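Visitor: Here is how the chains run, residue by residue.
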Amino acid sequence: MGLLFSFFAVTALIVIVFIGVQAAHLHYLFGVIIPYAAFLTFIIGIIYRVVKWGRIPVPFRIPTTAGQEKSLPWIKHNKIDNPFTSLGVIVRMALEVLLFRSLFRNTKTELRDGPKLSYGSTKWLWLGGLAFHWTFLIILIRHFRLFLEPVPIPIEILEALDGFFQVGAPVLYITDLIFLGAVTFLFLRRVIIPQIRYISLAADYFPLFLIGAIGGSGVLMRYFLKTDVVGIKQLTMGLITFSPVVPQGIGIIFYIHLLLVSALFAYFPMSKLMHMAGVFLSPTRNLANNNRAVRHVNPWNYPVKVHTYEEYEDDFRDKMKAVGIPVEKE
Amino acid sequence: MAEPKPEELKPEELAKIEYKPPKTGWMDTPTVFKKGMFCYGNQPKFLKTVGFPNVRSWSVLDEDWKLPENWQEIFIEGLRERVGKYRSFRLFLDICVRCGACADKCHYFIGGGDPKNMPVLRAELLRSIYRKYCTTSGKIMGKIAGARDLTIDVLKELWYYAYQCSECRRCSVFCPYGIDTAEITILARELLNLLGLNTHWISAPVAQCYMTGNHLGLLPHTQKDTFDQMVADLEVVTGIKVDVPLNRKGAEILYYVPSGDMFDERGYFLTMATLLYFHEIGLDYTWSTYLSDGGNFGFFTTNEVAKRLNAKAYAEAKRLKVKWMIGGECGHMWRVIHQYMNTWNGPPDFLEEPVSPFTGTKFENAKSTKVVHICEFTADMIKHGKLKFDKSRNDNLIVTYHDSCNTSRGMGFFEEPRYVINSVCKNFYEMPENTIREQTFCCGCGSGLNASEDMELRLRGGLPRANAVKHVKDKYGVNRLACICAIDRAVLPALMDYWVPGVTVSGVHEMVANALICKGEKERTTDLRNEPLPGKEAKENV
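Protein sequence lines correspond, in order, to chains A and B. Here the first sequence is numbered in our numbering, starting from 1 and rising by one per residue. Here the second sequence is numbered in our numbering, starting from 1 and rising by one per residue.
Fair warning: there could be bad hints in the mix.
[Unchecked claim] Partner residues aside, some chain A positions facing chain B, computed with beta carbon under 10 Å: (1) A66; (2) H77; (3) I196.
No lab work stands behind these hints, which were simulated from the structure alone. Everything numeric in this text was worked out from a predicted model, so none of it was measured. Glycine included, C-beta positions come from ideal geometry on N, C-alpha and C.
Could you build all of it, start to finish, from the sequences and the hints given here?
Guide: Encoded structure:
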């Protein structure tokens, strides 16, 4: 159900562009108003969500420790997987965010006759996820050329590296290829692996279809359909300088790409895609495991009713005295 | 209703596991309560003792769970309150991308194949309710947004699976965002407790612990009797008569352990071992009959009750005017000491930073909480050459070591016990690397699931651990499974008998005391279990 729903939702977005731009000629709405609104939703939404998380207390320091704790001086301490200091936490977080360290540990459990359980290393999800996120980032950075004039040197270098193999005209970006491959992989594993299909919701398929369609429309625009790049840059520069213009003659494919991107921006803050910001706040990863050395304070800690020693002794004084256990009150 | 006896379930049949999920979606697949997979419901008198709500008599298999009329309101209000108090909770409900990396990391899923035991789906059970009542998209879009109504069947399902999670945190090691199912389960159980929905196996020990200081309800004179018995047993084995300081004021150190160590067979040997060891080194310490349990089943109910049970630790240290504390071999007791105790009931300003009286070592890593793990203490003693061992007394043991979940993933306690074991045993072999240290598998009974009526759940959940033991038994002839957790000591023997017969279980310090050369001891011919030492068998048989 989630799969079909998501597929039709993304299809509907494309249809809307055909109706809105091709038929109703609402270029300004689709080229300016919707992108602005979507971007605003994105920024405000993310800030809202992060602030909301940030204001919730962290009552306990609960890092998941994945290495030897800091202990006696002659025992080798794993400073990254069981950080004791903020520096250790920063390294742990950096490895998590940049290289998906936890996912790198992934194993596949197999049960054979015997019974015999084995846990083989499996890196496909890690590799697919890493390829997806990193190429997405590089493609995003490449797009900055549309918002900056003159185009900064680092972006030109990035483009040159990305088109290193000099295949085709326009030159094929290797990231485009990897990106579409990775999205396809993430989609296929979701529908093929029975357990993953079982847990998948519309909220999992929709972003995949949306991002896949964004990639697809971008690739179509760059490599296959003729689009007015000069016109597009005029529009994007207009947006970034708050003096929006809508040049004539930009192909419908651009408006499709733009609406899908706008949809992603607007959808982002209310979706699981917030894991991008959330991972930084995860208490099992971003806290040092120095619990016994530094006291963690719970802001809402409150006094509780306890059964005191005095009450205990009152209950059992005779029994204690009978066997010679010292008591407070004779 | 007779619970399935372990012997009625044949291992080869139990190990035929179907991992393929059903054809119907999980929201449309009703949860069927299977005997052997759940614990009995709580009884009224124990709820009353600690003031849990909705005190009444009920049974899990009854149609009517006798909930208050406004139970939905209570649950949802409780949920809203808690997502505002625990950043972990809200974040973990919000950011899961359902990548499935956790799916086959759970021992209950590996051993049972029930898809709702995949950590991601276990969390979705509650997440779907959170979406419905706490998020806009869930309110509007309903099922398509992964939201569902809180019906009585949904509540029962939540109860069933909240007590099929042992809060071991193995999934959290593999999650790219560190989502910790233990945190979800802890709070799900807290919400269920608002409606008086607990298990007998958890709520009874909680009530007893509150009144008597320990889960088993051992009264002070009973504890004294047990210690006296241990002293007598030790004298038979070693010829040494040890002292047992009880509730002694002014000692340097307060030592406390899980109460299983006063009752369970392996625990009993461990406590005997500790008595001998402390006597030999001349430790200035005391036991306490009031602080007679470091374990905390309150931790498996609500944060508040956990804190109430834990309060006695620092209170007793203050009353007895000790300088610092040592904690015995226990799993969740140590997660509580390490990650919760100081926050709940600290700071213990009246104590001093722990310094070993024999080696002068400052335990820097425990300078605020002021509780040192007995394995840390012993490792330091051995490193400084303060203990003399006759390792050959353990030569008949071929040992492997089970990392308990809480000390592993809630602390990172790996090398200390291994160093101690290697110092007292010749034959030590590790289980496969994906089953030890931070990837260790639960015994299948943690977080209060070690009852007898849920034996099938225990055996299934224990399969991954047992299977790894079998691997080293077949390969190296391992015959001893060492551990530092009271629940392990109590439940692993049954698990071994079922899946890997021929492997015995013990605490680490039992082997320390076996090998420890003590002043004034007679020539030992048996170990603490009164079984012949290697090389002494013949004499016994004559």
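Visitor: Against this structure, judge whether each hint is valid.
Guide: Status of the hints after comparison with the structure:
1. A66: With a closest approach of 4 Å, the A66 of chain A hint holds.
2. H77: holds, 9 Å
3. I196: holds, 4 Å
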